[in-house]
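A.B. asks: Sequences and hints are given; from them, build the entire structure.
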Amino acid sequence: MPENMTWEAIPEALLTDCAQLVKANSIEGNKKENLTVIYTPADNLKKTGDMAVGQVSFHSDKRVKRVHIAKRENPIVNRLNKTKIEKEVDHEQERVDRIKKETALRRAAAAERQKAEMELARQREAEKAARSYDSLFSGEGVEDDGTTPRKTGRELEEDFM
Numbered sequence: 110m111p112e113n114m115t116w117e118a119i120p121e122a123l124l125t126d127c128a129q130l131v132k133a134n135s136i137e138g139n140k141k142e143n144l145t146v147i148y149t150p151a152d153n154l155k156k157t158g159d160m161a162v163g164q165v166s167f168h169s170d171k172r173v174k175r176v177h178i179a180k181r182e183n184p185i186v187n188r189l190n191k192t193k194i195e196k197e198v199d200h201e202q203e204r205v206d207r208i209k210k211e212t213a214l215r216r217a218a219a220a221e222r223q224k225a226e227m228e229l230a231r232q233r234e235a236e237k238a239a240r241s242y243d244s245l246f247s248g249e250g251v252e253d254d255g256t257t258p259r260k261t262g263r264e265l266e267e268d269f270m
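The opening residue of the sequence shown carries number 110 in the numbering used here; numbering runs sequentially from there.
Hints are computed from structural coordinates only; laboratory data are not their basis. Be aware that a few hints might be false.
Said to hold, decoys possible - Derived CB-CB ranges, DEER-like:
(1) Thr212 - Gln164: 31 to 37 Å
(2) Asn143 - Thr212: 40 to 46 Å
(3) Thr212 - Val162: 32 to 38 Å
Here a beta-carbon is modelled for each residue, glycine too, at the ideal position from N, C-alpha and C.
C.D. replies: Have a look at this one:
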């Protein structure tokens, strides 16, 4: 499934193909007509110790979807069996890896967002300092090196004339 697709948005044609394959691979389901295939995310499955082998329940019935199959369609099953590739898959490890990857992406986005907010706060602080009158009479920009003695008021009056 593509990364931006949810399990509820699976196309109807793909669901039909999957349901036909499930029906064909089930001993009991292959013999029956009018079969309903149920699908849900793995975290919605509920299995307790007192349940029989193969029996499951669901945490939320709202997250359960159903696909009705009237009869087996051999062209679909044959087409899918021709492209069949068997490989060992550790579904739990793939799920853990996917969750780690998504978490890393979220953290990176949060760090980028926080960095942008800090930069914006610095810019606002600089603009605020530029508009502030606090540093107007601080003595910056006055050419006084501090080594020349300051004249008193009387000395200034005498030098005036």
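A.B. asks: Can you tell me whether the CB distance of Asn143 to Thr212 sits inside 40 to 46 Å?
C.D. replies: 43 Å, holds
A.B. asks: At the C-beta level, are Thr212 and Val162 separated by a distance inside 32 to 38 Å?
C.D. replies: Roughly 35 Å apart at Cβ, these two residues keep to the hinted range, so it holds.
A.B. asks: Indicate whether the distance between the beta carbons of Thr212 and Gln164 respects the range 31 to 37 Å.
C.D. replies: Holds: the Cβ-Cβ distance is about 33 Å, inside 31 to 37 Å.
When each numbered hint is compared with the structure, no violation occurs for any of them.
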